[in-house]
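Generate coordinates for the entire structure from the input sequences, incorporating the hints supplied.
The listed protein sequences derive, respectively, from chains A and B. First residue of the first sequence: 1, per my numbering; consecutive thereafter. First residue of the second sequence: 1001, per my numbering; consecutive thereafter.
Among the hints, a few may not be true.
What the hints assert, rightly or not - Result set (SDA-like, lysine to any residue): computed pairs, CA atoms no more than 25 Å apart in a straight line:
(1) B/Lys1089 <-> B/Pro1131
(2) B/Lys1307 <-> A/Gly20
(3) A/Lys183 <-> A/Asp95
(4) B/Lys1307 <-> A/Gly65
(5) B/Lys1307 <-> A/Ser63
(6) B/Lys1089 <-> B/Gly1208
(7) B/Lys1307 <-> A/Ala211
(8) B/Lys1307 <-> B/Ser1225
(9) B/Lys1307 <-> A/Thr76
(10) B/Lys1307 <-> A/Ala81
(11) B/Lys1307 <-> A/Thr84
(12) B/Lys1307 <-> A/Arg68
(13) B/Lys1307 <-> A/Tyr19
(14) B/Lys1307 <-> A/Gln60
(15) B/Lys1307 <-> A/Phe105
(16) B/Lys1307 <-> B/Arg1211
(17) B/Lys1307 <-> A/Ala115
(18) B/Lys1307 <-> A/Gly195
(19) B/Lys1307 <-> A/Pro100
(20) B/Lys1307 <-> A/Asp73
(21) B/Lys1307 <-> A/Asp95
(22) B/Lys1307 <-> A/Ile75
(23) B/Lys1089 <-> B/Leu1108
(24) A/Lys183 <-> A/Arg88
(25) B/Lys1089 <-> B/Asp1164
(26) A/Lys183 <-> A/Gly195
(27) A/Lys183 <-> A/Ala211
(28) B/Lys1307 <-> A/Val25
(29) B/Lys1307 <-> B/Asp1212
(30) B/Lys1307 <-> A/Arg80
(31) B/Lys1307 <-> B/Arg1233
(32) B/Lys1307 <-> A/Arg97
(33) B/Lys1307 <-> A/Arg23
(34) B/Lys1089 <-> B/Val1157
(35) B/Lys1089 <-> B/Gln1105
(36) A/Lys183 <-> A/Asp204
(37) B/Lys1307 <-> B/Leu1201
(38) A/Lys183 <-> A/Ala141
(39) B/Lys1089 <-> B/Glu1063
(40) A/Lys210 <-> A/Ala44
For the record, the hints were derived by calculation from the structure and aren't laboratory data.
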Amino acid sequence: MSRAAGGEIIQFDNVGLRYGTDREVLSDLSFTLHGGRFYFLTGASGAGKTSLLKMLYLAQRPSRGAIRMFGNDAITLPRRALPTLRRRIGVVFQDFRLVPHLSAFDNVALPLRVAGFAEREIAGPVSDILEWVGLADRVNARPAALSGGEQQRIAIARAVIGRPDMLVADEPTGNVDPDMAEKLMRLFEALNRQGTTVVVATHDFHLLNKATSPLIMRLDRGRLSDPTGALRYPPGSPQ
Amino acid sequence: MRRSLHGISRGRRLFAGAEAELVPQARLSGPMPWVIAIMVALTAIALAAGLALGNVVTAATAEIEGGVTVQIIEPRAEVRQAEAERAMKALEATRGIPSVRLVPQSDLDALIEPWLGTGIESATGSAIPVPALIDVRLDGAATPQRIATIQRALAPVAPSARVDAQAGWLRPVFDAIASLQWLAIALVVLLAAALSSAVLLAARSALGVNRDTIEIVHLLGGTDSQIARVFQRSIGVDAAGGGAVGLALALVVILSLGRQFSGLGAGMVDSGALIWTDWLLLAAVPILATLLAMLTARLTVMHALRKML
Chain A
1 MSRAAGGEII
11 QFDNVGLRYG
21 TDREVLSDLS
31 FTLHGGRFYF
41 LTGASGAGKT
51 SLLKMLYLAQ
61 RPSRGAIRMF
71 GNDAITLPRR
81 ALPTLRRRIG
91 VVFQDFRLVP
101 HLSAFDNVAL
111 PLRVAGFAER
121 EIAGPVSDIL
131 EWVGLADRVN
141 ARPAALSGGE
151 QQRIAIARAV
161 IGRPDMLVAD
171 EPTGNVDPDM
181 AEKLMRLFEA
191 LNRQGTTVVV
201 ATHDFHLLNK
211 ATSPLIMRLD
221 RGRLSDPTGA
231 LRYPPGSPQ
Chain B
1001 MRRSLHGISR
1011 GRRLFAGAEA
1021 ELVPQARLSG
1031 PMPWVIAIMV
1041 ALTAIALAAG
1051 LALGNVVTAA
1061 TAEIEGGVTV
1071 QIIEPRAEVR
1081 QAEAERAMKA
1091 LEATRGIPSV
1101 RLVPQSDLDA
1111 LIEPWLGTGI
1121 ESATGSAIPV
1131 PALIDVRLDG
1141 AATPQRIATI
1151 QRALAPVAPS
1161 ARVDAQAGWL
1171 RPVFDAIASL
1181 QWLAIALVVL
1191 LAAALSSAVL
1201 LAARSALGVN
1211 RDTIEIVHLL
1221 GGTDSQIARV
1231 FQRSIGVDAA
1241 GGGAVGLALA
1251 LVVILSLGRQ
1261 FSGLGAGMVD
1271 SGALIWTDWL
1281 LLAAVPILAT
1291 LLAMLTARLT
1301 VMHALRKML
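What follows is the structure, given as structure tokens:
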């Protein structure tokens, strides 16, 4: 896994996205994300945050433009090559998307199993991370038996268990209390310090205020602005 | 977290037992094992019927391929007897005829006895003029040319003789049996197609029910093959169980029918008994059904997954 801090890991060039024949929900997106940085993606509801994140975690291809991810052309990359790329990206979905018939333990273990780790290699790390998110006593609980906040933490644990090169989180603190929100932010920061690029979509200004020197990408009606110089290199430098 | 995550070695292996947990087994099963059991039972019975008919044809063909019947159709008993004796001598002197047998009068009487009873001659003063029969075995097939040769050899000594290939009499029976064999083959093919269709529908249904889970696994880096293996394995388990039950049902039917037919004591029916290679073929039915079901499931799932990003 390459974790070269500062290197370009994601490049969007004039990217647009439309669903069906509707107007574009995202237009003219051109930006570069650098390895080891912590980005916030903000914008009002309906601004296109989730659509942009979908392209970042390879759930959606753009209608136009070019995207490079970890040195690969994500547009022309054959389908069979996508799983390898996806395993380098951890995702916290807005609606958690836990597998309903699996226990908390098995949900968190899923990325490792998909990646082919042996069962004996999985138990320790999964137990540790469940303890870290405060759910060590809920390992056998199914998602339906967990509160919204607990499901959120399981989703986050699942996203980070494989130590991805990039973590993409869509409103990760939307269902947790302020204390847990702060704890989760610390988790993201810890992960970021280890070299993982973090992209958090949020419209929670409290969360932004708690971050030190936040790099903010703002979406407004499908177009991107750069109020903190997040998209320059080095981030925050004057144009 | 750092310690524990670094504790994971990169030793990879195939996504084995755990992948079966991705999709709840109960959602894939349902009536599928029973559908497969019925399909396998019907297939095995149809196959057994086809094989038995094939054995009948093979045995009968070998038996009568070189068989020729000479009938001396002469109402006067003494002339008939004299022609039969001369025909016997002429046939024995002909090359390529290893065996000639004059069917005894007692056998001919026995043939008509069920219809006419005994003592006709004493009751009416004259016997029914039944043709004399000579059973001839050639050293090869009774071709039209050889029949003509025999006819020519007999013409001067037994002008009342009529020569027939035994296979010719039974040709309509063989044709009917061949039709039944084709019917059995068609049934086997149709049942295999029905099995594939049932599996295809089950796999599609399971895909629909588990679509969310499959999308999640995809986004976590799961490959099409990994997901297909889940369905393939689940269908395989269903098919193997159903196939075993189906074969057991078929064996009960086949053995019961076999016992009933063997009780008939009829030569042609007896020759249709299954031989050991037939039993091996029957045993292969559930195995082939399982492989077919797994292949169908894999192709169905892979096709559906290709539509996802």
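Please name the hints from earlier in the document that this structure breaks, with their numbers sorted from lowest to highest.
-> 6, 7, 15, 18
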